[in-house]
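*Asks:* Listed below, chain by chain, are the residues.
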Amino acid sequence: MPEALIGVALDAARAEGVRYADVRLVTPQRYLHLAVRDGAASSLTSSHTAGLGVRVRTDRAWGFAATRMLTPATVRRAARTAVRLARAAGRTARGPLPWTNEAGPHRGRYATALREDPFAVPGEEVIALLADAEHRLHVGPEVKSGVASFHAWDETKWFASSDGASFHSRIVQVGAGVSATAVRGSDVETRSAPSSFGGDFRQAGFEFVRGLALPEVAEGVGKEAVALLDAPACPTGSTTLVLGSSQLALQVHESVGHAVELDRILGSEAAFAGTSWVPPDGVGRLVYGSERMHVVADATAPGGLGTFGWDDEGVPAQRVPIVSAGRLAGFLTSRETAAALGLGGSGGTARADGADRAPLIRMTNINLEPGDRSFDELLEGVDEGVFMDTNRSWSIDDKRLNFQFGTEVARRIVRGELGGLVRRAIYAGMTPEFWRSMDAVGDRSTWHLWGLPNCGKGQPSQTAHVSHGAPAARFRGVRVRGG
Amino acid sequence: MPARRRADRLAEVARGLPSGVTADARIVREAWTTIRFANGRIHQPLVEEGEYLSFRVAEGGRLGTATTVDLSPDGVRTVVRAARALARIAPVEKTFPGFPVEASPRPAATAFSSATAHVTPEAATRVAERILAAAASRAPGGRIAGVVNIGSVNHRVVNSTGLDRGCRFSGAQASVLVDRPERDPPVSGWSEGAHWDVARLAPERLGREAAERVAESAPVAVEPGTYRVLLRAPAVATLLDYLAFLGFGGTGEAEGWSCLRRQRGRRIAPRSVDLVDDARSRRVIPCAIDAEGTATRSTPLIDEGVAGGPVTDVLTSGRLGRPLTGHALPPESPGGEYGPIPRHLVLSPGDAREEELVRETRRGILVTRFHYVRVVDPGRSVLTGMTRDGTYRIEHGEIVGPVRNLRFTESVLRTLRGTELVGREARQTASERAGSSTTCPDLVSSSFRFTSATLF
Numbered sequence: 001m002p003e004a005l006i007g008v009a010l011d012a013a014r015a016e017g018v019r020y021a022d023v024r025l026v027t028p029q030r031y032l033h034l035a036v037r038d039g040a041a042s043s044l045t046s047s048h049t050a051g052l053g054v055r056v057r058t059d060r061a062w063g064f065a066a067t068r069m070l071t072p073a074t075v076r077r078a079a080r081t082a083v084r085l086a087r088a089a090g091r092t093a094r095g096p097l098p099w100t101n102e103a104g105p106h107r108g109r110y111a112t113a114l115r116e117d118p119f120a121v122p123g124e125e126v127i128a129l130l131a132d133a134e135h136r137l138h139v140g141p142e143v144k145s146g147v148a149s150f151h152a153w154d155e156t157k158w159f160a161s162s163d164g165a166s167f168h169s170r171i172v173q174v175g176a177g178v179s180a181t182a183v184r185g186s187d188v189e190t191r192s193a194p195s196s197f198g199g200d201f202r203q204a205g206f207e208f209v210r211g212l213a214l215p216e217v218a219e220g221v222g223k224e225a226v227a228l229l230d231a232p233a234c235p236t237g238s239t240t241l242v243l244g245s246s247q248l249a250l251q252v253h254e255s256v257g258h259a260v261e262l263d264r265i266l267g268s269e270a271a272f273a274g275t276s277w278v279p280p281d282g283v284g285r286l287v288y289g290s291e292r293m294h295v296v297a298d299a300t301a302p303g304g305l306g307t308f309g310w311d312d313e314g315v316p317a318q319r320v321p322i323v324s325a326g327r328l329a330g331f332l333t334s335r336e337t338a339a340a341l342g343l344g345g346s347g348g349t350a351r352a353d354g355a356d357r358a359p360l361i362r363m364t365n366i367n368l369e370p371g372d373r374s375f376d377e378l379l380e381g382v383d384e385g386v387f388m389d390t391n392r393s394w395s396i397d398d399k400r401l402n403f404q405f406g407t408e409v410a411r412r413i414v415r416g417e418l419g420g421l422v423r424r425a426i427y428a429g430m431t432p433e434f435w436r437s438m439d440a441v442g443d444r445s446t447w448h449l450w451g452l453p454n455c456g457k458g459q460p461s462q463t464a465h466v467s468h469g470a471p472a473a474r475f476r477g478v479r480v481r482g483g
Numbered sequence: 484m485p486a487r488r489r490a491d492r493l494a495e496v497a498r499g500l501p502s503g504v505t506a507d508a509r510i511v512r513e514a515w516t517t518i519r520f521a522n523g524r525i526h527q528p529l530v531e532e533g534e535y536l537s538f539r540v541a542e543g544g545r546l547g548t549a550t551t552v553d554l555s556p557d558g559v560r561t562v563v564r565a566a567r568a569l570a571r572i573a574p575v576e577k578t579f580p581g582f583p584v585e586a587s588p589r590p591a592a593t594a595f596s597s598a599t600a601h602v603t604p605e606a607a608t609r610v611a612e613r614i615l616a617a618a619a620s621r622a623p624g625g626r627i628a629g630v631v632n633i634g635s636v637n638h639r640v641v642n643s644t645g646l647d648r649g650c651r652f653s654g655a656q657a658s659v660l661v662d663r664p665e666r667d668p669p670v671s672g673w674s675e676g677a678h679w680d681v682a683r684l685a686p687e688r689l690g691r692e693a694a695e696r697v698a699e700s701a702p703v704a705v706e707p708g709t710y711r712v713l714l715r716a717p718a719v720a721t722l723l724d725y726l727a728f729l730g731f732g733g734t735g736e737a738e739g740w741s742c743l744r745r746q747r748g749r750r751i752a753p754r755s756v757d758l759v760d761d762a763r764s765r766r767v768i769p770c771a772i773d774a775e776g777t778a779t780r781s782t783p784l785i786d787e788g789v790a791g792g793p794v795t796d797v798l799t800s801g802r803l804g805r806p807l808t809g810h811a812l813p814p815e816s817p818g819g820e821y822g823p824i825p826r827h828l829v830l831s832p833g834d835a836r837e838e839e840l841v842r843e844t845r846r847g848i849l850v851t852r853f854h855y856v857r858v859v860d861p862g863r864s865v866l867t868g869m870t871r872d873g874t875y876r877i878e879h880g881e882i883v884g885p886v887r888n889l890r891f892t893e894s895v896l897r898t899l900r901g902t903e904l905v906g907r908e909a910r911q912t913a914s915e916r917a918g919s920s921t922t923c924p925d926l927v928s929s930s931f932r933f934t935s936a937t938l939f
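So the sequence lines, in the order shown, correspond to chains C and X.
According to our numbering, the residues represented by the first sequence are 1 to 483, in order.
According to our numbering, the residues represented by the second sequence are 484 to 939, in order.
These are calculated hints, taken from the structure and not from any lab test.
Please note that the accuracy of each hint is not assured.
Per label pair, the in silico range of CB-to-CB distance [said to hold, decoys possible]:
{"hint": "1", "chain 1": "C", "residue 1": "Asp-117", "chain 2": "X", "residue 2": "Gly-543", "range": "21 to 31 angstroms"}
{"hint": "2", "chain 1": "X", "residue 1": "Gly-708", "chain 2": "C", "residue 2": "Asp-281", "range": "34 to 44 angstroms"}
{"hint": "3", "chain 1": "C", "residue 1": "Glu-384", "chain 2": "X", "residue 2": "Tyr-821", "range": "33 to 43 angstroms"}
{"hint": "4", "chain 1": "X", "residue 1": "Leu-938", "chain 2": "C", "residue 2": "Asp-281", "range": "11 to 21 angstroms"}
Small disclaimer: the values here were computed from a predicted structure and weren't measured.
Even glycine gets a Cβ: it sits at the ideal position worked out from N, Cα and C.
Okay, chain C solo, but in the shape it has when bound (with noise of 0.2 angstroms):
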């Protein structure tokens, strides 16, 4: 049985002495991207892997070593080469590791809950159903690029510790989208849908995908991306701005989620992703945003990307006030890092992207919850404004306060009512600011908890796969530009 290299890891690492061990083994690890670009098969992959990590503390450092070779010598080769790292890396301390002595220990199962295994379903199927979207994207010579995507994950894993916390799990994760790009001289405009950047994502069966209907939207997501083409530039000025949920669920990952990482709010991340411009010392007193501003880290979401048992030290899932009324309410944590600031235990948020990584503080299903405003009532009101949806391009300072986004699509609002497209939208600000200026939330009716399996951090570089929940919502006095 694999797991009992579990076994072979924990006992190498105590035999050497280490005041802590963890061990995951992960096996399988599945992937399946299935992608039809311009009528060809641009990607039709499969992936199977496997693999061991063990993770040792001593009083002053940590150590990881990872192997994808599951032998009972080679993971005890692992085991001692953490110690080994751990050993070495000690002569930096400057004192004890901090680390918070958890409830438990935990012990248990988690599985996602699916109707149709996506991996079960035949590829013909899956290839006939983005043949058909992808076809139907290119409604015009303009459309030079049209792509319709697949992607599938399936995570199996065993976890156990020295303080004897153990689980089993198994997570399966699915997403689609399109995409069409028109093209005129030097002009390129894409649209996509249900979002950009592969589409929309969900811990779930294919079930998810097919109620996607990609095959019905395409049509329109091709038309509108050669009517971008014909449209004039987005005004320019500070106006009234009503962001669409799939865009503002990525303006909470960038100027929320990872602000309140607490790894970067300590430094552990400054050279690399950088740190955040929330004080250590700031729950209950920064203001943060408006009053309606509410937001919470729920990893036990149903159907969230980032939604599971337990976190990569054995903590259980949990739901932690991030912004409660626009004040700072909480962190997003690790073991180490609660200890470090005192808090009474770890918010549950340490998660490496497979075996042979690290566990890092990564956001959950970071939500930010819905109002009380349909989105014609977030119209109401705004002579001049303008609606911008559907991430293009991201970036965002590091310490997460000067940000700029560009939007496939946008439009303008004129006397309280949608009109017509303007191409190459961006909107600007500072992170608290822009909160601030948030004078309505869309109601229920608006919010969408979105899939985004592309969230970068850590050396070597990590990808986890979270969840933002996001309503549309109203912003006042935001610089707009066409770029």
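Starting from the known structure of chain C, fit chain X onto it as the hints suggest.
*Replies:* Same frame as chain C, now just chain X:
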């Protein structure tokens, strides 16, 4: 099983497929040690080792790729079945020209360091300690963070036409940040470097440079606008890496969105801008073959200011009707879907010394590096991103002090067209697993548009 025998067996599998079915197989074996440090101590050290097989099948122009870490006979049989199952459902790639043949040019030997490939955990840790010590000695009280990556990749490609080629490369890469977060606004300095031989990484120099670039005075706000800029090598490398994708990628050319597709053979920059992609060069982390086994070569991208053609892999060479240039990415990699991209860029040094670069900038902004750069308008090569870790004002030909970081929204092509001076000293940067590396000098451009500023 020894790697040689394993490759032989895969070649037999590839050649033994039914008539009309061809395949290529790639075995990748790699070992890396990463030592991350922050707050002056090593906090995330990691060793990883592994091996995987990528198997790609073509049946009547239909392609499918499967990968596995199970290299047993059963594992190989399973991955072949998976690749064939995908190929059978794939739409036809009408212009697929077949896999490369052995008769194509043979790869030349490239540099390799055994000491780098077999670094021990203790030796890798020692490199990080040398950076920490050098930085701490020059910036007492500064907060030090960064990373060291040392390791090697060994890959072998066989295909059913009889091609059988291997390549190994070693790489060492490090970067270091020194900051003073307690100051308001905070200040920071940065340095980075890479080499195929860890013995030539110069960790003390990197630590010292980052520390010495931490400004003593507080950054001041400057108005966003268009400035002359002195871009340090890491900033230049970022712009070139994006241009490699937006202007020289075969997919962008085939799909019509390349920013250079109507400018091939035309002057796009002064003669001083000379850019090649050369995966055989010892000035980058070299690799003798691409992911399809095609020998890498020196490919002119901007030849004394004149734009060259796009690079290709098997698929784009068929779509574009152009020869293979040896730039295939692994089809199963995240970047594989975007097709071939130049990843071993060398921008020729000029003759300007550092003090001359500053003097001739006269009035402008010095940028150490960029952060979070993204594409705004691919057809015009417009990017946006932030400056970070050392942005300075230059007045009257002298660096007069740090400025608060700025957001740029600017075209790479416009920046290169405005090149006024190119530095004489080149610096190498590399990705963390050395799949791409860029060597370039500092550069002065006449105009660069900053569209907003941040608070620090």
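*Asks:* Regarding Gly-708/X and Asp-281/C, is the given constraint of 34 to 44 angstroms on their beta-carbon distance met?
*Replies:* 37 angstroms, holds
*Asks:* Taking 33 to 43 angstroms as the stated bounds, is the beta-carbon spacing between Glu-384/C and Tyr-821/X within them?
*Replies:* 39 angstroms, holds
*Asks:* Starting from the range 21 to 31 angstroms, see whether the pair Asp-117/C and Gly-543/X falls in it by beta-carbon distance.
*Replies:* 29 angstroms, holds
*Asks:* Evaluate the given range 11 to 21 angstroms for the C-beta pair formed by Leu-938/X and Asp-281/C.
*Replies:* 19 angstroms, holds
Violated hints are absent here; each numbered hint is respected by the structure.
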